[in-house]
Amino acid sequence: MIYQTLLKEFPYLLEGTLVALELLLAFMSLGFVVGLALSIAEVYGNRLLSTLALMVERFFRGVPAVVLIFLFYYGISDGYDLSPFGAATLALGFRTGAYQSQIFKGAIQAVGSGQMIAARAIGMSKVQAIWSIILPQALRFAIGPWSNEFASELKDTSLAYTIGVVELLRRAKYIVSYTYGNALVVYGLCAILYLILIRLGNMVLYRIESKLSMPGFEMRREGR
Amino acid sequence: MSLLRVEDVHKSYDDLMVLRGITFQMDRGEIKVIIGPSGTGKSTLLRCVNGLAYPEKGRIWIDGEEVTDPKTNINHIRSKVGFVFQSFNLFAHLTALDNVAIGPVKVKGMKKSEARLLAMEELRRVGLEDKADAYPAELSGGQQQRVSIARALAMNPKLILFDEPTSALDPELMGEVLKVMMDLAKEGMTMLVVSHEIGFARAVADEILFLDEGKIIEKGHPSELLTNPANKRTKEFLHQIIELYGEEREKV
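These protein sequence lines map, in sequence, to chains A and B.
According to my numbering, numbering within the first sequence proceeds without interruption in unit steps and concludes at 224.
According to my numbering, numbering within the second sequence proceeds without interruption in unit steps and concludes at 1252.
Since the hints were derived computationally from the structure, they do not count as laboratory data.
Predicted model, so just to flag it, every value in this text is computed and none were measured.
Note that CB positions come from ideal geometry on N, CA and C, so glycine has one too.
Do not take every clue at face value.
What the hints assert, rightly or not - Covered stretches of chain B (in silico footprint by chain A; criterion: 3 or more residues with CB under 8 Å from a CB of chain A, positions within the stretch not fixed):
(1) 1089–1096
(2) 1103–1115
(3) 1135–1146
(4) 1151–1161
Take these sequences, add in the hints, and give me the full structure.
Put into structure tokens, the structure is as follows:
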């Protein structure tokens, strides 16, 4: 009985998965830009800029995700017309941006100081050196830790459920409600879908990491 | 007008006075070798010359432009001054060819295809055209240093600064780097070299500057300074160097 329902409702769950992925793409992109900006400001900015970046980073890392989501949704949607999807994108985007900034900061600092000096010595400006010498190396170092952040954020898309984004978890809850129970099977299926997505994502990221690795800086890891 | 003019340069790091009034000049095509004990500011002096370090007192001119003037476009000056580092500092994510080509592309706005042809030419000049596609980590130290010389050459510099270019190399790899440097010297390149390679200094230097405790203690043509140093400290230092590098003692 439940399996027939599940079979019928599976496309509905898959659509929810798609919504979750859209949300993930939206806020991870925002977070990438925010994180990169924060890390560059923290490492290379003047005192004002780096302090500002530090404060933003501390705030978004220090406040629980659900509180951020409520802040953006209920806080802002009073004055502006902000959809649940938009609010979740902003809240989770800035939060992952703060976390990603720490990944990028570490990666930038892992690039030898001689690289910047050599770039400046042939006449590159600081911006040119960051853009064409430091970041291409730092981003390669960052892929490993970034894939961890990716997995963590993919799971956190489910938090958008709390303000009514109709993503995977919310759809699962609908099915559980109107089939009167069967929570174990439906949420179990939900868990499997998240698991598959994370494995797929990590496999792709690992491929990218190996493909882009610089000779002499390969990460030797097995069984990923 | 001299190509490089250094006038009364003072530089300290925190409380440590590294340079205490350095003055000298270089003409086009001239080669000067700076020797001296470690910690006497030889590298700092080179860094001041291309603006990687900023002296608190004194002035430096290159090719008529004042390096120490805050209004000068320092990137423009640096594009005319090559710098070869002790630790090579090749860009780890780029092949040998792209290491050489990136300067002309990013700094001079040269077309990529054109820059790659030029880079190949410079790699040929240092004898490494067959390593064009290798990454720095795939090259020996000597090869890396030759690529870094090619990287400097690709900018068509008026002056190249060498900061102990062979100090990080095994003795058997020093030769190939020194040979490239000798070739450059013969071609008339203006070179300011920090090095304890006395043989190189003797062969190509127009003048040796002996630096100690942030000052030029003695300077002169290698034939004089190496064989008959006037200053006691120069004498002691040369004695140590020659003992270290195993040259015949009676030459001093």
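| query | Are there three or more residues in the stretch 1089–1096 of chain B whose C-beta lies within less than 8 Å of some C-beta in chain A? | reply | Since three or more residues must qualify, the claim that chain A covers the stretch 1089–1096 of chain B holds, with 5 doing so at under 8 Å.
| Assertion that chain A covers the stretch 1151–1161 of chain B - criterion: three or more residues, beta-carbon distance below 8 Å | holds (count 3)
| task | Please count how many residues of the stretch 1135–1146 of chain B have a CB within 8 Å of a CB from chain A and say whether that reaches 3. | result | Since 4 is at least three, the answer is holds.
| Outcome, coverage hint (the stretch 1103–1115 of chain B, chain A; C-beta under 8 Å; three residues) | holds (count 3)
The structure fails none of the hints (numbered hints given earlier).
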